[in-house]
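For reference, the chains in residue letters:
2 protein chains.
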Amino acid sequence: MEWTREQRYRKYKDWDAQTLLDLQAQAATSPYQMHYHIHPLSGLLNDPNGFSYYNGEYHLFCQSYPFGPVHGVKSWIHFASPDLVHWHYLGPAIDPDSDLDNAGAYSGSAMEHNGKLLLMYTGNHRDEDWTRIPYQVIAEMDENNHITKPDKAAILPPDHVSEHFRDPQLFKHNGKYYVLLGAQDAKTKSGHIDIYESDDLETWHENGYLDLGKDEMGYMIECPNLVFVDNYPVLIFCPQGLDKSIADYQNIYPNMYWIGKDINLSKAQFTPLQDHPANLDDGFDVYATQAFNAPDGNAYAISWVGLPDCTYPTDKENWANCYSQVKRLEIKDGVLYQHPVDAIKNLRHNEKQLNNEKIISQKAGKQYELKLHLAAGQAGKLHLASNEDLSASLVVDFNTAQDAKLTIDRASSGPAVNPDYGATRTIELNANQDLDLDIFVDGSLCEIFINDGRHVATLRFFAPSSNQKIAFDKDTKYTGRLWSMNSIL
Amino acid sequence: MEWTREQRYRKYKDWDAQTLLDLQAQAATSPYQMHYHIHPLSGLLNDPNGFSYYNGEYHLFCQSYPFGPVHGVKSWIHFASPDLVHWHYLGPAIDPDSDLDNAGAYSGSAMEHNGKLLLMYTGNHRDEDWTRIPYQVIAEMDENNHITKPDKAAILPPDHVSEHFRDPQLFKHNGKYYVLLGAQDAKTKSGHIDIYESDDLETWHENGYLDLGKDEMGYMIECPNLVFVDNYPVLIFCPQGLDKSIADYQNIYPNMYWIGKDINLSKAQFTPLQDHPANLDDGFDVYATQAFNAPDGNAYAISWVGLPDCTYPTDKENWANCYSQVKRLEIKDGVLYQHPVDAIKNLRHNEKQLNNEKIISQKAGKQYELKLHLAAGQAGKLHLASNEDLSASLVVDFNTAQDAKLTIDRASSGPAVNPDYGATRTIELNANQDLDLDIFVDGSLCEIFINDGRHVATLRFFAPSSNQKIAFDKDTKYTGRLWSMNSIL
Numbered sequence: 001m002e003w004t005r006e007q008r009y010r011k012y013k014d015w016d017a018q019t020l021l022d023l024q025a026q027a028a029t030s031p032y033q034m035h036y037h038i039h040p041l042s043g044l045l046n047d048p049n050g051f052s053y054y055n056g057e058y059h060l061f062c063q064s065y066p067f068g069p070v071h072g073v074k075s076w077i078h079f080a081s082p083d084l085v086h087w088h089y090l091g092p093a094i095d096p097d098s099d100l101d102n103a104g105a106y107s108g109s110a111m112e113h114n115g116k117l118l119l120m121y122t123g124n125h126r127d128e129d130w131t132r133i134p135y136q137v138i139a140e141m142d143e144n145n146h147i148t149k150p151d152k153a154a155i156l157p158p159d160h161v162s163e164h165f166r167d168p169q170l171f172k173h174n175g176k177y178y179v180l181l182g183a184q185d186a187k188t189k190s191g192h193i194d195i196y197e198s199d200d201l202e203t204w205h206e207n208g209y210l211d212l213g214k215d216e217m218g219y220m221i222e223c224p225n226l227v228f229v230d231n232y233p234v235l236i237f238c239p240q241g242l243d244k245s246i247a248d249y250q251n252i253y254p255n256m257y258w259i260g261k262d263i264n265l266s267k268a269q270f271t272p273l274q275d276h277p278a279n280l281d282d283g284f285d286v287y288a289t290q291a292f293n294a295p296d297g298n299a300y301a302i303s304w305v306g307l308p309d310c311t312y313p314t315d316k317e318n319w320a321n322c323y324s325q326v327k328r329l330e331i332k333d334g335v336l337y338q339h340p341v342d343a344i345k346n347l348r349h350n351e352k353q354l355n356n357e358k359i360i361s362q363k364a365g366k367q368y369e370l371k372l373h374l375a376a377g378q379a380g381k382l383h384l385a386s387n388e389d390l391s392a393s394l395v396v397d398f399n400t401a402q403d404a405k406l407t408i409d410r411a412s413s414g415p416a417v418n419p420d421y422g423a424t425r426t427i428e429l430n431a432n433q434d435l436d437l438d439i440f441v442d443g444s445l446c447e448i449f450i451n452d453g454r455h456v457a458t459l460r461f462f463a464p465s466s467n468q469k470i471a472f473d474k475d476t477k478y479t480g481r482l483w484s485m486n487s488i489l
Numbered sequence: 001m002e003w004t005r006e007q008r009y010r011k012y013k014d015w016d017a018q019t020l021l022d023l024q025a026q027a028a029t030s031p032y033q034m035h036y037h038i039h040p041l042s043g044l045l046n047d048p049n050g051f052s053y054y055n056g057e058y059h060l061f062c063q064s065y066p067f068g069p070v071h072g073v074k075s076w077i078h079f080a081s082p083d084l085v086h087w088h089y090l091g092p093a094i095d096p097d098s099d100l101d102n103a104g105a106y107s108g109s110a111m112e113h114n115g116k117l118l119l120m121y122t123g124n125h126r127d128e129d130w131t132r133i134p135y136q137v138i139a140e141m142d143e144n145n146h147i148t149k150p151d152k153a154a155i156l157p158p159d160h161v162s163e164h165f166r167d168p169q170l171f172k173h174n175g176k177y178y179v180l181l182g183a184q185d186a187k188t189k190s191g192h193i194d195i196y197e198s199d200d201l202e203t204w205h206e207n208g209y210l211d212l213g214k215d216e217m218g219y220m221i222e223c224p225n226l227v228f229v230d231n232y233p234v235l236i237f238c239p240q241g242l243d244k245s246i247a248d249y250q251n252i253y254p255n256m257y258w259i260g261k262d263i264n265l266s267k268a269q270f271t272p273l274q275d276h277p278a279n280l281d282d283g284f285d286v287y288a289t290q291a292f293n294a295p296d297g298n299a300y301a302i303s304w305v306g307l308p309d310c311t312y313p314t315d316k317e318n319w320a321n322c323y324s325q326v327k328r329l330e331i332k333d334g335v336l337y338q339h340p341v342d343a344i345k346n347l348r349h350n351e352k353q354l355n356n357e358k359i360i361s362q363k364a365g366k367q368y369e370l371k372l373h374l375a376a377g378q379a380g381k382l383h384l385a386s387n388e389d390l391s392a393s394l395v396v397d398f399n400t401a402q403d404a405k406l407t408i409d410r411a412s413s414g415p416a417v418n419p420d421y422g423a424t425r426t427i428e429l430n431a432n433q434d435l436d437l438d439i440f441v442d443g444s445l446c447e448i449f450i451n452d453g454r455h456v457a458t459l460r461f462f463a464p465s466s467n468q469k470i471a472f473d474k475d476t477k478y479t480g481r482l483w484s485m486n487s488i489l
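Top to bottom, those sequences are chains A and B.
Take the first sequence: its letter number 19 is residue 19 in the UniProt record's numbering, and every next letter is one higher.
Take the second sequence: its letter number 186 is residue 186 in the UniProt record's numbering, and every next letter is one higher.
Looking at chain A on its own, in the form it has when it is part of the complex (with noise of 0.2 Å):
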């Protein structure tokens, strides 16, 4: 189904309540749908925002457009939990109903403030002849969870960047009150991280893009975030654009990090540790990850599982996207390590102890977390959502001897997802050590834990309800468990 632009537009008080309901039955209902992740109750769930703590729990808000599986008029949602795992739904946040985000309120953070949390975002406003102006707001939350948004813009768009100018990162460093900012620049179209610095979140004054040397950037940054992790300051970004030779990725765009040395906000230069920017998951379809550094210590990321300007298959049940599980990040030998936070363990029963089975199970759900810990010196498959003769299933190729690497292929899983970017991810490993591997497989998601989380791999796959089985194709030196996991959501 095509959206015209009216359809896409249309206020969400114009759409009747049956249609909503039914729209909330078709995504609930979808053989696809996950229940232990973030997922959209009905149409498009995209970038997390506002990721956050806040009076005694964690806060997420979510990109949400309810009526389709397109990039719809957007407003947030809410949701909240007490450890990054039981999550529960608060409703609609910020509505797209004021003239300063008329056509969407688009993507943003949360900082804690005088007992508020405060929530900077986009507003997307479109003027009658649909020029765009990206108006910078910060609305403030209470503790009841009322929201309430301002009269004006915290930050207009300068002069020098182009309609391209979003996704606010709102924080405090060092006793001043930053915001880093996805720029484009008007005149070179080349993409940056803009940051404004204030001491009293009043009055704005920009430092101008963060100098990131040499490597350009693409031709746009989205979702950029700061987060220190074990002292280093790290960016999470998204370079639309990026010039392969830089940092090498397939998806249609890549979700990067960059580990620094330093990094001075108020002489926008950051001092990388890093060559060049790496991908941030080893999968297919993560995107617009946001991460922040919470009061326990830990710097935690969500990742959105979707990607812009492409298709899934549940866009025919009219809803698409999820999010991954919370990541909890960590710094070791120079590099980023992502880890599940603790309390997913609660989610675990049924577990079943593993010794070198063929069969792992005939019929494994479709929630479960697998933990294997596979012998060095051997290569075989691991089928996921396999049928009986493993001719159709999400296949998990490793090699630990040698040639020593971990490829994902999806291609005989179910239906083609985005093929022209491929349909293998391969991660290289190092020759002749045992491999752990934390797979998580919640409906039509797939997260794989390599090493310990030096590598992550995300992706969505489609299979029949019916492919359950779990088995490797020949026999393999491994031990593991493997556990059903309940329902959150």
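Keep in mind the hints are simulated off the structure, nothing from the lab.
One thing to keep in mind: the hints can contain errors.
Which copy is meant is left open, because identical chains are indistinguishable; a pair holds if it fits in one copy or across any two.
[Stated by the list, open to error] Below, in silico cross-link-like pairs of lysine-lysine (DSSO-like), each with a Cα-Cα straight-line distance of 27 Å or less:
1) 116 to 469
2) 172 to 152
3) 381 to 371
4) 371 to 345
5) 13 to 316
6) 116 to 316
7) 116 to 363
8) 149 to 316
9) 332 to 474
10) 116 to 371
11) 244 to 13
12) 405 to 371
13) 405 to 152
14) 469 to 187
Fit chain B to the given chain A structure using the hints.
For chain B alone, kept in the frame of chain A given last:
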């Protein structure tokens, strides 16, 4: 706000989607909302329906009116769970969209048959003169949760009943199919359980009113259930207008259980073990409990926490009512015991050991389980959801000495709730015995399991959010444990 008939029976498609999103948000963000019990996503929740096990999961349907805290045109919505604790929402199930149910898809039950889940419900038909015809309809749901409704009713109202003929319980027993129906006799205006029998689910024969002996069961029986508990037939039902000399109760309408020695459905004969029915719950707010025999050998029950013709403080927030947790039924010494299911332990976290402390917690949060073992021979008050000086709280007044009893007093817990029916409930206990309490609090819901489920007292209370202290009024001999409880919804 007064609701006109036109408003209450407005079709769902004639409401706008923004209104529904806002109502969903209002319910989700209420400080009184519960997060580990089933609650309305918006509007009114009433009777549990179709509680069953099918296709590897437990299923539960709910009477729902999404647009306000009133009994408007009802539909069924659908939840499923692997463990009776972690429920996930599966959307609208039976919409009031056919001629058979044009004024509401009313209560009913579910039974697996030939790989489908049969959903039998009362189609509330209103003709042009607003005269009601209650049709008993059997829809069927497949493994993908798709529901097909029939063109005609399975059972039409017989001439001898009034328009009050509803709440079919469909089940198989000794090779035949039966339906129990709540019925009001047209002539005598007395309440009955009417029995239908079938060999093939197509042709139904009326066996007549179940003979319950000399006791009159008021003017109408709602929500009749027959469930077998430890081989005893147990009737669970709501005899509206029951004479209090038969069985005393304090709520506007009672929810009773009656253990039998035997039941002969073909002959419509019930041989009671107990002389009279007894209150299923000793609290303030339980009604319309639905129970079923699960394949694991247990009988499970879930209750509507809400009462007909009553109001609650959340009416002002446009949502009303919730469900109890699922209770496993047992018969010991000729009476019914109700137990939490084992899986609810998976929601516990942050355990605190207790040993005679006067103050159990200064800030317990709004979701907790408090398990106490109180020594015999003492009396005192336990204050839940209390302010600092214990002057405003939900009071559990206990006496484990000679005059042993437990009184729950919600008078000072917050705004009055249906004060015409009293603010206290008292349970007589055996003198000079230790007392076990297992107390579950979730927002504005409290469930107290007394002496290992010998009694359960369920109630709503509407304390200010700041009142989170738990304390005894004086030194008390006890041991216990306190846990925070995770959210599931």
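(request) Can you give me the call for residue 405 and residue 152, within, between, both or neither, at a CA distance of at most 27 Å? (result) neither (53 Å within a copy, 62 Å between copies)
(message) At most 27 Å between CA atoms: does that hold for residue 172 and residue 152 within a copy, between copies, both, or neither?
(response) within (22 Å within a copy, 66 Å between copies)
(request) First find the shortest C-alpha distance between residue 116 and residue 316 inside one copy, then the shortest across copies, and answer within, between, both or neither for a cut-off of 27 Å. (result) Intra 40 Å, inter 25 Å, cutoff 27 Å: inter-copy only.
(message) Cα distance capped at 27 Å. Does residue 244 pair with residue 13 within a copy, between copies, both, or neither?
(response) neither (44 Å within a copy, 50 Å between copies)
(message) For residue 116 and residue 363, with the copy left unspecified, which applies at a CA distance of at most 27 Å: within, between, both, or neither?
(response) Classified as between: cross-chain Cα gap 20 Å, same-chain 48 Å, threshold 27 Å.
(message) Please sort residue 371 with residue 345 into within, between, both or neither, judging by C-alpha distance up to 27 Å.
(response) both (12 Å within a copy, 24 Å between copies)
(request) Evaluate residue 149 and residue 316 at a C-alpha cut-off of 27 Å and name the case that applies: within, between, both or neither. (result) between (35 Å within a copy, 24 Å between copies)
(message) At most 27 Å between CA atoms: does that hold for residue 13 and residue 316 within a copy, between copies, both, or neither?
(response) both (24 Å within a copy, 22 Å between copies)
(request) Could you figure out if residue 116 and residue 469 sit no more than 27 Å apart (CA to CA) within one copy, between two copies, both or neither? (result) between (49 Å within a copy, 24 Å between copies)
(request) Evaluate residue 381 and residue 371 at a C-alpha cut-off of 27 Å and name the case that applies: within, between, both or neither. (result) This pair counts as within: shortest intra-copy Cα distance 15 Å, inter-copy 49 Å.
(request) State whether the alpha carbon distance between residue 469 and residue 187 is at most 27 Å within one copy, between copies, both, or neither. (result) Neither, since 55 Å and 61 Å both go past 27 Å.
(message) Within a copy, between copies, both or neither: which one fits residue 405 and residue 371 at a CA-CA cutoff of 27 Å?
(response) within (18 Å within a copy, 52 Å between copies)
When the structure is compared with the earlier hints, violations turn up for hints 9, 10, 11, 13 and 14 and for no others.
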